[in-house]
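*Asks:* Those sequence lines, one after another, are chains A and B. Letter 235 of the first sequence, counting from 1, is numbered 253 in this note's numbering, and no numbers are missing. Letter 20 of the second sequence, counting from 1, is numbered 217 in this note's numbering, and no numbers are missing.
Some clues are possibly wrong.
Stated by the list, open to error - Across the chosen pairs, the derived CB separations fall in these ranges:
| id | chain 1 | residue 1 | chain 2 | residue 2 | range |
| --- | --- | --- | --- | --- | --- |
| 1 | A | Arg32 | B | Ile306 | 30 to 36 Å |
| 2 | A | Asp295 | B | Glu308 | 28 to 34 Å |
| 3 | B | Lys267 | A | His242 | 58 to 64 Å |
| 4 | A | Tyr250 | B | Glu308 | 37 to 43 Å |
| 5 | B | Ile306 | A | Met213 | 27 to 33 Å |
| 6 | A | Val151 | B | Lys326 | 24 to 30 Å |
Said to hold, decoys possible - Listed next, the in silico DSBU-like pairs over lysine-lysine satisfying Cα-Cα at most 35 Å (straight line):
| id | chain 1 | residue 1 | chain 2 | residue 2 |
| --- | --- | --- | --- | --- |
| 7 | B | Lys320 | B | Lys230 |
| 8 | B | Lys268 | B | Lys397 |
| 9 | B | Lys320 | A | Lys33 |
| 10 | A | Lys33 | B | Lys327 |
| 11 | B | Lys239 | B | Lys428 |
| 12 | B | Lys326 | A | Lys33 |
| 13 | B | Lys328 | A | Lys33 |
For the record, the hints were derived by calculation from the structure and aren't laboratory data. Positions of the beta carbon are idealized from the N, C-alpha and C atoms, including for glycine.
Below are the chains, spelled out letter by letter.
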Amino acid sequence: MMYNLMSSELYKWRKSRAFYVCLLSALVCIVLVWLSFWVEDQVERGNIENGTMGFAVMEPDAEGGEATGILDDLDIMLMIQTFVGGGFSTLFIALFVCVWVVGEYTNGAVKNTVGKGCSRLHVFMAKYISSVVSALALNLVIILAVVLTGAAVTGPARIGETFWLDCLVYAGLQLMLGLAYAGVIAMVGEFTRSMAVSIGISILLAALSPALASAADLIFKAVHSDFRVSDYWIVSLIEHCPYEGIDMDFAGRAVCATAMWMIVSLSAGLVHFRNADV
Amino acid sequence: MEMNTEYALRTCGLTKTYRQHRAVDNVSMNVRKGDIYGFIGKNGAGKTTFMKMVAGLANPTQGTIELFGKKEALERQRSRVGCLIEEPGYYPYMTAMDNLEIVRRNLGIAERDITHEMLDLVKLSGAGKKKIKHFSMGMKQRLGIAIALMRNPDLLILDEPINGLDPSGIREIRDLLTQLNRERQTTILVSSHILGELSKIATRYGIIREGALVEEFDAEALEERCRRCQKVVVDDTAAAAAILEVRFGITDYDVPDTHMIRIFERYDEAEEINRALVTGGVALRESVLAGQDLEGYFMELLGSTMA
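Between the sequences and the hints, there should be enough to build the whole structure, so can you do that?
*Replies:* Here it is as structure tokens:
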């Protein structure tokens with residue numbers, strides 16, 4: 019039965035407009051950001067007139083001497099961290115997973131599965147797995163797009179010796195953390211079963227929860243405890259994941275937090291799905 | 198109950214409570230294999246909630262459900278059930294073919310052509326590539342029926358299946374249901390507000406009021422109850438019966454209780470019958486021409502208007 023349900027999820031995924039819209043939107047944003055940096059760089063170097071394509075640099079470098087541009091100071095790894103850890107990919111993951119999960123309830127399609135004798139355990143697991151795998155794919159494409167577009171814009175010479183290793187480790191951690199994040203969003207979708215509410219809560223989670231976690235850290239500190247919520251909250255880990263010099267402590271916490279949040283979100287979502295009316 | 202009667206569905210004390218409100222109250226229903234069971238009740242009576250529990254879409258608060266003789270592993274038994282409850286479920290941005298393909302994959306049906314067959318069955322062959330968001334209500338309803346019929350279910354649970362259909366569509370669905378029942382012995386539990394249509398196909402009826410099943414009876418019993426007759430209430434039914442037989446040769450009558458006789462023939466001679474009873478020494482307390490159409494009978498049973 020699980021095979022059948024996953025086959026069906028794959029079919030739905032291929033036909034899912036939401037996935038392609040999220041993907042395309044993310045790619046367009048990435049290309050536009052790099053393009054804007056490239057244009058600014060060219061203006062600063064004097065290769066393009068200031069104001070071209072609507073780009074106006076406030077203080078272009080003075081004429082004479084070797085002109086520098088913004089791309090000289092821009093690091094591809096830093097850009098990956100900005101896009102992936104800065105809320106860009108979490109936003110698109112939240113949007114897609116909410117649409118993916120809540121879409122089963124919006125027009126009652128879930129009745130066709132549950133009412134035909136498919137086990138509720140398997141139905142929810144199939145949806146959960148497809149949600150996190152889709153998020154993984156989305157995140158991976160975003161990272162690849164940032165790397166490839168960045169390399170095209172900055173030039174291959176800017177890629178240092180340790181770049182690929184750092185990129186691999188960072189991407190690996192972020193992709194892993196992204197799985198747990200998607201699982202939490204899937205749980206939110208299952209609990210709310212409302213598109214607007216789930217998207218609202220998910221965006222709030224992505225935007226505000228790290229600040230709330232930090233506030234909780236202060237409370238623990240005030241009571242003389244060394245425990246830090248932000249060390250284990252998935253969005254905080256995504257935000258604070260370093261892109262170089264990743265130590266084993268962070269990696270260990272990331273693995274533990276991923277496992278914990280995936281277990282919690284899967285279990286809570288499953289209990290709710292089994293007990294709630296469809 | 199016959200010892201060899203097989204039941205497709207049996208419930209015992211099935212109850213569903215939402216906070217303080219009992220939507221379904223201790224319903225014990227018996228649907229025999231091969232029945233077309235007409236489930237009748239006002240809006241909000243509990244029909245849909247009951248059907249949802251049977252189909253596994255809602256969890257009962259109390260009571261048991263038995264599908265095809267089994268109370269355990271109901272999820273496995275529900276693989277033999279097809280249902281269309283409330284509105285049909287679909288993905289609006291996908292085509293009819295896509296929606297059926299998703300169900301085909303969910304159920305693990307190997308034959309790919311079944312999606313075409315289902316569309317043909319419900320007369321949607323020309324609309325297979327149309328997106329559901331462009332479907333009319335009737336077309337969505339037909340798609341819902343097609344989805345319910347995937348994998349040839351032994352038990353069909355249909356909640357107002359002819360909603361939104363035009364007269365020819367209603368007839369097609371009615372013919373389809375009777376064909377399934379006749380050729381495949383499919384048991385059908387169907388609710389509808391259109392009592393005239395239901396009476397054309399149902400073999401058994403259940404009436405639900407305020408969550409409770411108030412009555413169950415076969416179609417023959419319903420016909421009997423609705424037969425046109427002259428009802429007379431007398432002090433001595435034996436003497437009255439003798440007068441009817443000797444004076445008028447009336448044999449088609451029954452005595453439902455100690456003071457009532459129902460006369461099913463020659464009720465156009467009511468005046469002469471009344472006079473004969475009185476002159477024969479029988480005290481006549483009431484004489485009325487009775488008999489209803491099905492809708493009138495159900496209205497009386499349900500106590501007020503259906504809407």
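*Asks:* Indicate, hint by hint, whether the structure satisfies it.
*Replies:* Going down the list of hints, with the structure as the test:
no., hint, in the structure
1, A:Arg32 x B:Ile306: 30 to 36 Å, "violated, 19 Å"
2, A:Asp295 x B:Glu308: 28 to 34 Å, "holds, 33 Å"
3, B:Lys267 x A:His242: 58 to 64 Å, "holds, 60 Å"
4, A:Tyr250 x B:Glu308: 37 to 43 Å, "violated, 50 Å"
5, B:Ile306 x A:Met213: 27 to 33 Å, "holds, 31 Å"
6, A:Val151 x B:Lys326: 24 to 30 Å, "holds, 29 Å"
7, B:Lys320 x B:Lys230, "holds, 28 Å"
8, B:Lys268 x B:Lys397, "holds, 32 Å"
9, B:Lys320 x A:Lys33, "holds, 25 Å"
10, A:Lys33 x B:Lys327, "holds, 14 Å"
11, B:Lys239 x B:Lys428, "holds, 29 Å"
12, B:Lys326 x A:Lys33, "holds, 13 Å"
13, B:Lys328 x A:Lys33, "holds, 12 Å"
This entry does not satisfy hints 1 and 4, going by the numbered hints stated previously.
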